[in-house]
Amino acid sequence: MSEQKDTKILEAILFASGEPVLEDDLKQKISFKNNLIQYLENIQDSYKNSGINLVKTGNKWSFRTSEDIKNDLTIFKKQKRKLSRAALETLAIIAYQQPITRSEIENIRGVQMGRGSIDHLMEIGWIKPSGRKNIPGKPVLWITTDMFLEHFGINNLADLPNKNELKASGFLEKRSAIAKITDMVSGENDAENDQKEEEIESLEDFIPETPKN
Amino acid sequence: MSEQKDTKILEAILFASGEPVLEDDLKQKISFKNNLIQYLENIQDSYKNSGINLVKTGNKWSFRTSEDIKNDLTIFKKQKRKLSRAALETLAIIAYQQPITRSEIENIRGVQMGRGSIDHLMEIGWIKPSGRKNIPGKPVLWITTDMFLEHFGINNLADLPNKNELKASGFLEKRSAIAKITDMVSGENDAENDQKEEEIESLEDFIPETPKN
Amino acid sequence: MLSEMGENNSNNQFNISLDSFEGPIDLLLELAKKQKVDLSQVSILKLAEQYIAFINKYQEIHLEIAADYLVMAAWLTYLKSRLLLPKDEKTDDYTPEELEEALKYQLQRLEAFKKVSHELYARSLIDRDVFYGGSLDGLNVKLDISYSANLFDLLKSYSLNLIKNEKSTQLTITFSELYSVDQALERLKNLFGTIIEWTSFLNLIPKFSSKKIINKSIVSSNFVATLELTKNGYLELKQNDTFEQIYIRAKE
Chain C
1 MSEQKDTKIL EAILFASGEP VLEDDLKQKI SFKNNLIQYL ENIQDSYKNS
51 GINLVKTGNK WSFRTSEDIK NDLTIFKKQK RKLSRAALET LAIIAYQQPI
101 TRSEIENIRG VQMGRGSIDH LMEIGWIKPS GRKNIPGKPV LWITTDMFLE
151 HFGINNLADL PNKNELKASG FLEKRSAIAK ITDMVSGEND AENDQKEEEI
201 ESLEDFIPET PKN
Chain R
1001 MSEQKDTKIL EAILFASGEP VLEDDLKQKI SFKNNLIQYL ENIQDSYKNS
1051 GINLVKTGNK WSFRTSEDIK NDLTIFKKQK RKLSRAALET LAIIAYQQPI
1101 TRSEIENIRG VQMGRGSIDH LMEIGWIKPS GRKNIPGKPV LWITTDMFLE
1151 HFGINNLADL PNKNELKASG FLEKRSAIAK ITDMVSGEND AENDQKEEEI
1201 ESLEDFIPET PKN
Chain Y
2001 MLSEMGENNS NNQFNISLDS FEGPIDLLLE LAKKQKVDLS QVSILKLAEQ
2051 YIAFINKYQE IHLEIAADYL VMAAWLTYLK SRLLLPKDEK TDDYTPEELE
2101 EALKYQLQRL EAFKKVSHEL YARSLIDRDV FYGGSLDGLN VKLDISYSAN
2151 LFDLLKSYSL NLIKNEKSTQ LTITFSELYS VDQALERLKN LFGTIIEWTS
2201 FLNLIPKFSS KKIINKSIVS SNFVATLELT KNGYLELKQN DTFEQIYIRA
2251 KE
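Residue numbers (our numbering), protein chains in the order written: chain C, 1 to 213; chain R, 1001 to 1213; chain Y, 2001 to 2252.
This is chain C alone, in the form it adopts within the complex (with noise of 0.2 Å):
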C-alpha cells in the first residue's frame, strides 16, 4: 500500500458516508495511520477551490459543498413515497382489466375499498374517470392515463404481461424472491386502510446509515 492509496481510501470513505466520520474509524481503513492528520490536511488543502470542501467538527471529518455557492443553488431533493399496497393493488387492476367500475374492483380484491385508493391513485395522476357502465346506478369506469405508462415506462398497455407471460416469467411462483413480498403475502389478511404510506428519500437509497465493519 502506498500513501497515495491511503488518501484515496479517505476521500473515498468521506465521501460514501456521507456525515461526518470519527478520526479513529478513518484511521483503521488506512496503512500508515501515523499520517492521517497529514493526509486530511492534504486533501482539504487539495479541494479547498472545488464545490467540495473538505471540513472537521469535533474529532469528525466530512466532505460538504462549499459555503461560496451556497447561495447559488438550491437542490431539489426528491422525496419518494410509496404508494401504499390497497392502491398499488388497485392500480395493477385497473391496469389489467380496464375500463372497470370501482365494484369490479371490489370483487376482484375481495375486500371493500375506502375511498382512499382510487382518490389517490387519481390525485397521483395515474388513473381518470371515463364514462359510465351502462347498468343500473350506471357506475363510473376507471381507466390509467398517459402519465401511468410513462411513470412505469410501458409504450402502451398491450405491453403488460399477460397471465401466461407473467406465469413463464415466475411471477406467479409461490417462493418469494425478497422479503418485502412476503410481506405482502403475510399481509393479507390486514384491514384495508392501515397501512402507513412509506415514505422513502430516495437520496437515502444508496448511503448506509452506519458503515459497518
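Hints are computed from structural coordinates only; laboratory data are not their basis. Watch out, some of these pointers could steer you wrong.
Said to hold, decoys possible - Distance condition first, Cα-Cα at most 35 Å in a straight line; then the derived DSBU-like pairs of lysine-lysine:
| no. | chain 1 | residue 1 | chain 2 | residue 2 |
| --- | --- | --- | --- | --- |
| 1 | R | K1060 | Y | K2142 |
| 2 | Y | K2142 | C | K128 |
| 3 | R | K1163 | R | K1056 |
Remember, predicted model here, so these are calculated numbers, not experimental data.
Here the structure of chain C is known, so what remains is to put chains R and Y in place on it, guided by the hints.
This is chains R and Y only, laid out in the frame that chain C set:
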C-alpha cells in the same frame, strides 16, 4: 458568474445528489450552458486520480468511489443476495441481444426458463418489458434499463464488453441453432421445469433493498 | 466435475448430479470442453457418444431423469447414425453436416454468453464495488415529493391477486363435492310422501359415490338432517338396540 463558479456548482450538485444526474438538469444550474460537457470532462479529468471519480452512464453523470480501491471499501457493502448462474446468463443475453423474447433466450440457453430469472432481474431493476414482437402470439420483448447501465458502469449499450467480437462471430443472431432439437424438445419438456437454481459461490450480487424505476 | 467420470473409473461411484447442469446443452458444453480443443474443432461424433454414454450410465443409477436430457440423447443417437451413414444417401431436409454445424454453433454461442456474463459481473458494480455518496449539508434544499412504484411491484401485485383468486376457485370446487346438511334436509322433505311406513335410514340415503370422504359426508349430513326433522316434529325415529338399524317414518 464565472467559469470557475460553474465548475464549483457542478461539483456541488453532483456531490449532493448522491445518484446520477441528467445532463439537462445540470445545464439549468450553470451560466455558460454550452460549456457543460467541457466542464464535466475537466472535472472528470481532475478527479481521475482521486478516491472519487466522475462517471458518465447514458446521459447522466455521477460521482462514485474509485474502482481502484474497491477491495478496501468492503465496509460499505450492504446486504447481499446471490444471483443464480441462470439469472446472470439471462441478463447477459438480454443485454447483448435486446430486444429479445423469452423463447429466444431459451433457444440460446437450450433450456426452458422455468422460474426465477426474468422476475429476479426485473425485481433488481435491471430489465423491463418493452413492446411486443410482431410474430404470432405477440410475445413480450425484454430490454435492459438505465439502472442496468448505471450499476454496471456502462456508458451505453454499444460499449458492452466484447460486443463487436460477439457480433463478428455471428453470436448475436437469435435464430434457434438447431431447429430440430428445439422442436423436439419444446414439444416434450413442459413437465420438466424442476431444474434447480444453482447459486454460485464466487458470484455474489448485491441487490438494493428498494429497486428504483 | 466431469473429470470424475473418466473412461477408466466406471466402477467408481457415479455421483455427478444433473442438477448441476442447466439442461442438455449445458451438459454437452461441459463434455465438449473435456475434449480440450477449440469448440469449433470439437468432434461432434465423439461428443454424441460421450453424451449418450453419460445419460445411459446416469439412468442406471438415478432412475429419474428429465425428459429433455433424453430427447437430446435420442437426437444425438439419430445424428450419430446419420454421420455414420454413407454420405450420398438422401433422407430429409438437413444434411448431417448442417446438423453438426448447428450443434457447434449452439455450443459456441452459449459458451460466448457464459463468458460475457462473467465479464459483465466482474465489472465494478454499484453498491458492491463502487458507491454513490455525498451529503446535502449546507445547501438550500427544497423538497420535491413524488409518489412512486415500479413496474415490478405492479406486476407482482397483480400476480398475487391472480394467485389469490385461483386459490379461492379451487376451494369452492372441493367444497361443493361434499353433501351438505341443507341438501339432505331438502331431499328428505321431498321424500316424506314415500316414508309413511317404518323405513331403514340406510335405504333412504342416496347412492354411494366412489369417494370415501363423500360417502361419509352423505351419511352424516342425512343423519343430522333426520335428527333435525325429528326434533321439529316432521319425522319419527326408532332404533331397537345399540348399533341396530335406524328406522324413520313421516309423522302425520
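Checked hints:
1. For the suggested pair R/K1060 and Y/K2142, the alpha carbons sit about 21 Å apart, so the restraint of at most 35 Å is met.
2. Annotation: proposed proximity of Y/K2142 to C/K128 holds, straight-line Cα distance about 29 Å (limit 35 Å).
3. Between R/K1163 and R/K1056 the alpha-carbon distance is near 19 Å, which keeps this suggested pair within the 35 Å criterion.
Going down the numbered hints, you'll see the structure goes against none, and every one checks out.
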